[in-house]
Amino acid sequence: QLQLQESGPGLVKPSETLSLTCIVSGGSISSNSYYWDWIRQPPGKGLEWIGSIYYSGSTYYNPSLKSRVSISEDTSKNQFSLKLSSVTAADTAVYYCARRSSGWETGGVYWFDPWGQGTLVTVSS
Amino acid sequence: DIQMTQSPSSSLSASVGDRVTITCRASQSISDYLNWYQQKPGKAPKLLIYAAFRLQSRVPSRFSGSGSGTDFTLTISSLQPEDFATYYCQQSYSYPYNFGQGTKLEIK
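Chains as they are written, first to last, in our numbering: chain A, 2 to 126; chain B, 106 to 213.
Hints listed in this document are in silico derivations from the structure and should not be mistaken for laboratory results. Check each hint, because a few of them may be wrong.
Unchecked claim - Cross-link-like lysine-lysine pairs, in silico, BS3-like; alpha carbons within 27 Å at most:
#1 B:Lys148 / A:Lys14
#2 B:Lys148 / B:Lys209
#3 B:Lys145 / B:Lys209
#4 A:Lys14 / B:Lys209
#5 A:Lys78 / B:Lys145
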């Protein structure tokens, strides 16, 4: 059973860089069947897609964050990472990693499943 | 960007046994590139429905999805106590993969 687990500092200072890692177990991130995504949720608010990485290393970012975000992978450790630079209080959120899948019967429809449990990152001095 | 708007916009009160419908409207046609998630407090979202109407494995059959183009619905045929949660729609037609604002289903 595939499992994802986010790890990283729970507190980041304003203007610094937020760094998180998603450790994947029970499956390989090198599979050409899946993308690996980051999604965040500010306290009490809705979900925002941040971006994703494919096994080939191709990345896709939300334009609203593109200038500050970077997603990378380490296939030897079966994990992928998120970096968000120049953070402000508005970046305080629970950050989730998730696998993005599609099926032969659904064409290009992609969905997120499973998700990690999420990790709260607070931006504060 | 494609904007997703859910109705009711914030919350919905219902009783155990009720039939409930939540709607999701896309700002442009997205064919059937629409998924539904359930989120309980302090937990990660859980996939319920993918590709507009396909039920994810191990999700109870009282959940169903329909729609195509710009208008979609999530229906719970007979509410159970464990269904009180927040529900989100999400489009995967084009980047960025936006979510609806969420609809919180509360006990009446």
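Each hint, compared with the structure:
1. B:Lys148 / A:Lys14: holds, 26 Å
2. B:Lys148 / B:Lys209: Within the cut-off at roughly 14 Å; holds.
3. B:Lys145 / B:Lys209: With a Cα-Cα distance of about 10 Å, the restraint between Lys145 (chain B) and Lys209 (chain B) holds, given a limit of 27 Å.
4. A:Lys14 / B:Lys209: Answer violated: Lys14 (chain A) to Lys209 (chain B) is near 32 Å, above 27 Å.
5. A:Lys78 / B:Lys145: violated, 31 Å
When held up to the earlier numbered hints, the structure conflicts with 4 and 5 and fits the remainder.
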